[in-house]
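Following the hints, position chain X against chain P.
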Amino acid sequence: MTGDNQILLDHGSGGRLSRELTVNLFFKHFGNNILSAATDSAVVPTPGEHLAFTTDSFVVDPLFFPGGDIGKLAVCGTVNDLAVSGATPLYLSAGFIIEEGFLLDDLKKIVRSMADTARSCGVKIVTGDTKVVNRGHCDKLFINTSGVGLLKSSHKNIGSGKGIKPGDKIIINGGIASHGMAVMIARNELNVGGNVISDCAPLSGLTGQILKATSGIKFMRDATRGGLATVLSELCENRKFGIEVAEEAIKIDDNVRGICEFFGFDPLYVANEGKVVMVVAPEKAGSVINIMKSHKYGHDVSVIGEVVEKHPGKTILKTKIGGSRMIDMLAGSQLPRIC
Amino acid sequence: MRFIDEYYDTSLIEPLLRSIKKISKKEVRFMEVCGGHTMAIRKFGLPSLLPENIRLLSGPGCPVCVTDRWFIDKAIALARMPGNIITTFGDLVRVPGSSSTLEKEKANGADIRIVYSPLDALALAKEFPEKNIIFLGIGFETTSPAVAVTVANAKKEHLTNFSLLSSHKIMPPAMKAIIHEGIKIDGYICPGHVSTITGPEMYREIVGKYGLGCVISGFEPTDLLQTILMLVDQVESGKPKLEIQYKRAVKPDGNLKAKKIMAEVFETCDDWWRGFGIIPESGLSLNKKYKPFDAGEFFNFNEVPKPEEDKACICGEILKGLKTPAECLLFRIKCNPGNPVGACMVSSEGACHAYYKYQG
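These protein sequences, in sequence, are chains P and X. Numbered by my numbering, the letters in the first sequence go through residues 5 to 343 in order. Numbered by my numbering, the letters in the second sequence go through residues 603 to 962 in order.
The hints are simulated quantities; they were obtained by calculation from the structure and are not laboratory data. As the structure is a prediction and not an experimental result, all values here were calculated from the model. Relax, there's no trap hidden among the hints.
In the SDA-like style, the derived pairs of lysine to any residue whose C-alpha atoms are separated by at most 25 Å in a straight line are:
| # | chain 1 | residue 1 | chain 2 | residue 2 |
| --- | --- | --- | --- | --- |
| 1 | P | K322 | X | D611 |
| 2 | X | K849 | X | S626 |
| 3 | X | K757 | X | P731 |
| 4 | X | K645 | P | G317 |
| 5 | X | K645 | P | E265 |
| 6 | P | K322 | X | Y609 |
| 7 | X | K757 | X | K893 |
Just chain P, with the same shape it has in the complex:
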């Protein structure tokens, strides 16, 4: 940590300070071999299959934004953490911390949205808890969801990417940065024209279909806080390989790109809530792309780069104009509270 005795907003940004807090505090004290693997879900051996287990808290401001709300996000976030670990999500818990005076109608809307999302991806919300705190002691509504899912033992390394080799292809299921920008526009009530909608979506259908149909999936991670750039730099940090990606191949919706340009945000670092980055053996890339193309959450798929032997530990971006630059983890926060 920084040597100081205070939690700063940056500790929740998903970038370097968040990581330091996780490693130097939580891992240090809660540490065990399952937690320290630092994957999106804990993968726990059980007799027969493996169990994936994850938890996430949601504090997004505002609660409703184009393309979603805190309820949909709370289900998708946890479902996606299970899905990208290679698991089939089964059960969720839901914990609500509600500020005194919060409108029941809004809570109803949010709960309905959670139920619809859970139903659409075949998971059940099986346990929960509610606490109400004094006005001013939380901001309207916070939700925590935990989830469990089952995965085949052959998929148990997908979260950590143990089998990645130079030559593997890096694939993403569509355009980036829409969630972070949609939330920012909604939060600041910016009248910027254009139509920016969050990509918030459950990915378990897509990942399940791919894992069923093909082998060769070496790694999956959803590119949430910290964006695509943070996933890529974490992926190769302290590893014996490097990553090369082409700016040209990374898709960004024109509206999203325009807003990013306008406000000076680098879309590579802006959050997504329905994007999975996959590392796939080269001979299997074709079939993964075909499956994605026919799926509603994957039709805009692209191969954005590959794993390389050179510059181990570093991600290099080939810029559109032919230059090259390094991509590092998000330092500080680009946007406050996007999930």
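Here is chain X on its own, set in the frame of chain P:
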């Protein structure tokens, strides 16, 4: 995407690069004095495309980076006083003062709000008439007109609970200071947005008196490459001049309305720049008519000691183009964006931040 893709068009980029390589013979060093250019150059990976005899240096173009540590200490002192709300642009909250940052003060309970426009501070002044709203004004000619409008509006609306802590600066005196310090450069990539306000004439003296080429540049890859080509051409032909590459935004007279409001509200003053010390007539302070809105009139800063700058941090030399961030002993190890020692690492426009983020 229209108005963006054109500037990345490889059928324009490649001929520009070919021309630069063809005519560039001499070893040259061009300095950009705008944080936006620093970021753009690194973000597009331009140094990896240019021939080795052309070096690009980052000068004192990032407003956060050149700001005095005393300014941060004064802002922190204000933040600690009950009844004050500090309003600021986001970058400033993480800049280290002598013993704290505004971000830490915020976590400690101080009321510090990040605003996107200085006018948001006036809205707060009206919403909370019992509080003092202080806006931390930093930046060059691009941001100072909006701050001038804010102060003028505060006077018009007879607000008595709004004040400005100003560290606004103007660019040409620093550009001259670079030359006076004997730093060897062969031309300036002049700031685009500053020049949309001021117009090009303020650089005339640098060309005439010091024989140094000045090209006002846009921020896209084609803009910057065309600017570099224009500067190379000037050096190779031995004819330094003042040229505008960024013609779609910079007009000969600049923005008359913005210049008028700045002249109405501000006067120049001697100001302190990190790496340079005091540069005469390089800062902007409120003039007599608007002095009542100067935070210095409201609050007594005598008890805020003038701090020493960190000895190991070479931000000053980096801002002068004498050293690159990679030559700093603190770079990456002790000083990184998560834990910045110097201001050049804090601001997203700072040279150290840009090197850290894009160059590895």
